[in-house]
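There are 6 protein chains.
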Amino acid sequence: MRVSARNKLPGVVQDIQSDGLMAKVSLRIGDNHLVALVTAESVAELDLHPGDEVTALIKSTSVMLAKP
Amino acid sequence: MRVSARNKLPGVVQDIQSDGLMAKVSLRIGDNHLVALVTAESVAELDLHPGDEVTALIKSTSVMLAKP
Amino acid sequence: MRVSARNKLPGVVQDIQSDGLMAKVSLRIGDNHLVALVTAESVAELDLHPGDEVTALIKSTSVMLAKP
Amino acid sequence: MRVSARNKLPGVVQDIQSDGLMAKVSLRIGDNHLVALVTAESVAELDLHPGDEVTALIKSTSVMLAKP
Amino acid sequence: MRVSARNKLPGVVQDIQSDGLMAKVSLRIGDNHLVALVTAESVAELDLHPGDEVTALIKSTSVMLAKP
Amino acid sequence: MRVSARNKLPGVVQDIQSDGLMAKVSLRIGDNHLVALVTAESVAELDLHPGDEVTALIKSTSVMLAKP
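Chains as they are written, first to last, in this note's numbering: chain A, 916 to 983; chain B, 916 to 983; chain C, 916 to 983; chain D, 916 to 983; chain E, 916 to 983; chain F, 916 to 983.
Keep in mind that a hint or two might mislead.
Given that identical chains are not distinguished, each listed pair holds provided it fits within a single copy or across any two copies.
Below, a list of computed lysine to any residue pairs in the SDA-like style, where the Cα atoms sit at most 20 Å apart [as the list claims (entries may be wrong)]:
| hint | residue 1 | residue 2 |
| --- | --- | --- |
| 1 | Lys923 | Gly935 |
| 2 | Lys923 | Asp967 |
| 3 | Lys982 | Met916 |
| 4 | Lys923 | Ser933 |
| 5 | Lys923 | Ser941 |
| 6 | Lys982 | Gly935 |
| 7 | Lys923 | Asp934 |
| 8 | Lys923 | Ile944 |
| 9 | Lys923 | Gly966 |
| 10 | Lys923 | Asp946 |
| 11 | Lys982 | Val927 |
| 12 | Lys982 | Arg943 |
| 13 | Lys923 | His948 |
| 14 | Lys982 | Pro925 |
| 15 | Lys923 | Thr970 |
| 16 | Lys982 | Glu968 |
| 17 | Lys982 | Leu961 |
| 18 | Lys923 | Gly945 |
| 19 | Lys923 | Leu961 |
| 20 | Lys982 | Asp962 |
Keep in mind the hints are simulated off the structure, nothing from the lab.
For reference, chain A alone in the conformation it holds in the complex (with noise of 0.2 Å):
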């Protein structure tokens, strides 16, 4: 499956917290740290675990900018 997200980040899954409807899912990305905030229910149907190899999909239009 192709998608059409120009940012597709290869990461692995360091730590998840779920509580409710929401989860956050913490990864490691080469040497940076992103964090997702999914529903609970994604996390289990992804079946996502701490060590699980996963892919960061971030539309570019979400992307805000910040210069020092």
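Here the structure of chain A is known, so what remains is to put chains B, C, D, E and F in place on it, guided by the hints.
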């Protein structure tokens, strides 16, 4: 200034394509490539050029996860 | 590949309009019409054409509800 | 009231799960299932209940496409 | 029609720039300035013109906070 | 730090409700009320409290328009 976005990825601008109202800014983030679609006005206001150090800000609610 | 997005709507591409950096892709989803605004680069990379079967992925946090 | 969102999908509420600040509203849209994550406050304010006719509003920039 | 979006800011259209598929609509909201990027098709369908009274709808999940 | 977001609305925090992973931050922006849904972690990291002066950052692509 501190920002609530959970994801603040430091990178370097590699390429900027402007067309009408929109601009596509390509960044290098560690070993990854990231694309931000912003207004051409933002590129002018931030005076963005290839080589500039920037931070990509992404809300955790904007991140989808995919598992192979 | 499994995706965390709660909304995965199967559809058929009906029309594609590209202009500069952006492309507007019109889909038929059952009896409904759906429009996706993606980069022209995505359309080229996915080799999208009218008649193609695609899936629209929409995060549940991106959906608003209106009641008459 | 007319809304700029390109995607206005008419549906029927099937299920509502509230938990703390958030609520997950499941809709039937034709033959498809759609999930909206909204605030619990929105559910109260719109007085949403299973069986209600609602419209899902989705900006075209929030739609990703996937091709098998 | 009632909308689940937590943020419904009443304003007046000040300027509209259309280019290809996209349009940038500038609003005055009280003492603030707000910009909405919508499709040119939306501008035509809503028959938007400077001086029109409109409401900006923004999901609470789309708002980032910054603190000096 | 300069940010590409077209919408930077200065406001004052009026109320913060935290629940599990999420927090709802209510702001006063001029004569308007604005709600931001962020992670509880962001609220802690920015040390947000009622009375704090903050800026709401909103990408122009996240704004819908409604006309009566």
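Here's how the hints hold up against the structure:
1. For a Cα distance limit of 20 Å, the shortest separation of Lys923 from Gly935 qualifies neither inside one copy, at 28 Å, nor across copies, at 23 Å.
2. For the identical chains of this complex, Lys923 and Asp967 are intra-copy neighbours only, at 16 Å inside a copy versus 22 Å across copies, given an alpha-carbon limit of 20 Å.
3. Proximity of Lys982 and Met916 under a CA criterion of 20 Å is satisfied inter-copy only: 6 Å between copies versus 35 Å inside one chain copy.
4. When the C-alpha separation of Lys923 and Ser933 is checked against a cutoff of 20 Å, the pair qualifies neither within a copy, at 24 Å, nor between copies, at 22 Å.
5. In the homo-oligomer, the alpha carbons of Lys923 and Ser941 lie at most 20 Å apart both inside one protomer (16 Å) and across protomers (13 Å), since each shortest distance falls under that limit.
6. Taking identical chains as interchangeable, the C-alpha atoms of Lys982 and Gly935 are never at most 20 Å apart, the minima being 36 Å within one chain and 22 Å between chains.
7. Taking the closest pair of Cα atoms, Lys923 and Asp934 never come within 20 Å of each other, the shortest separation being 26 Å inside a single copy and 24 Å across copies.
8. Taking the closest pair of Cα atoms, Lys923 and Ile944 come within 20 Å of each other both inside a single copy (11 Å) and across two copies (12 Å).
9. Proximity of Lys923 and Gly966 under a CA criterion of 20 Å is satisfied intra-copy only: 18 Å inside one chain copy versus 22 Å between copies.
10. Taking the shortest Cα distances, Lys923 and Asp946 sit within 20 Å of each other both inside one copy (16 Å) and across copies (12 Å).
11. Only between protomers do Lys982 and Val927 lie at most 20 Å apart by alpha-carbon distance; the minimum there is 10 Å, versus 28 Å within a single protomer.
12. For the homomeric pair Lys982 and Arg943, the shortest alpha-carbon distance between copies (15 Å) is at most 20 Å, but the shortest distance inside one copy (23 Å) is not.
13. Taking the shortest Cα distances, Lys923 and His948 sit within 20 Å of each other both inside one copy (15 Å) and across copies (9 Å).
14. Taking CA atoms no more than 20 Å apart as the test, Lys982 paired with Pro925 passes between copies only; the shortest distance there is 10 Å, against 25 Å inside one copy.
15. Taking CA atoms no more than 20 Å apart as the test, Lys923 paired with Thr970 passes in both settings, with 6 Å inside one copy and 17 Å between copies.
16. Proximity of Lys982 and Glu968 under a CA criterion of 20 Å is satisfied inter-copy only: 7 Å between copies versus 31 Å inside one chain copy.
17. In the homo-oligomer, the alpha carbons of Lys982 and Leu961 lie at most 20 Å apart only across protomers (7 Å), although the nearest pairing inside one protomer, at 36 Å, exceeds that limit.
18. In this homomeric assembly, Lys923 and Gly945 come within 20 Å of each other (Cα to Cα) both inside a single copy, at 13 Å, and across copies, at 14 Å.
19. When the C-alpha separation of Lys923 and Leu961 is checked against a cutoff of 20 Å, the pair qualifies both within a copy, at 17 Å, and between copies, at 14 Å.
20. Taking the shortest alpha-carbon separations for Lys982 and Asp962, only the inter-copy value of 9 Å comes in at or below 20 Å, while the best intra-copy value is 38 Å.
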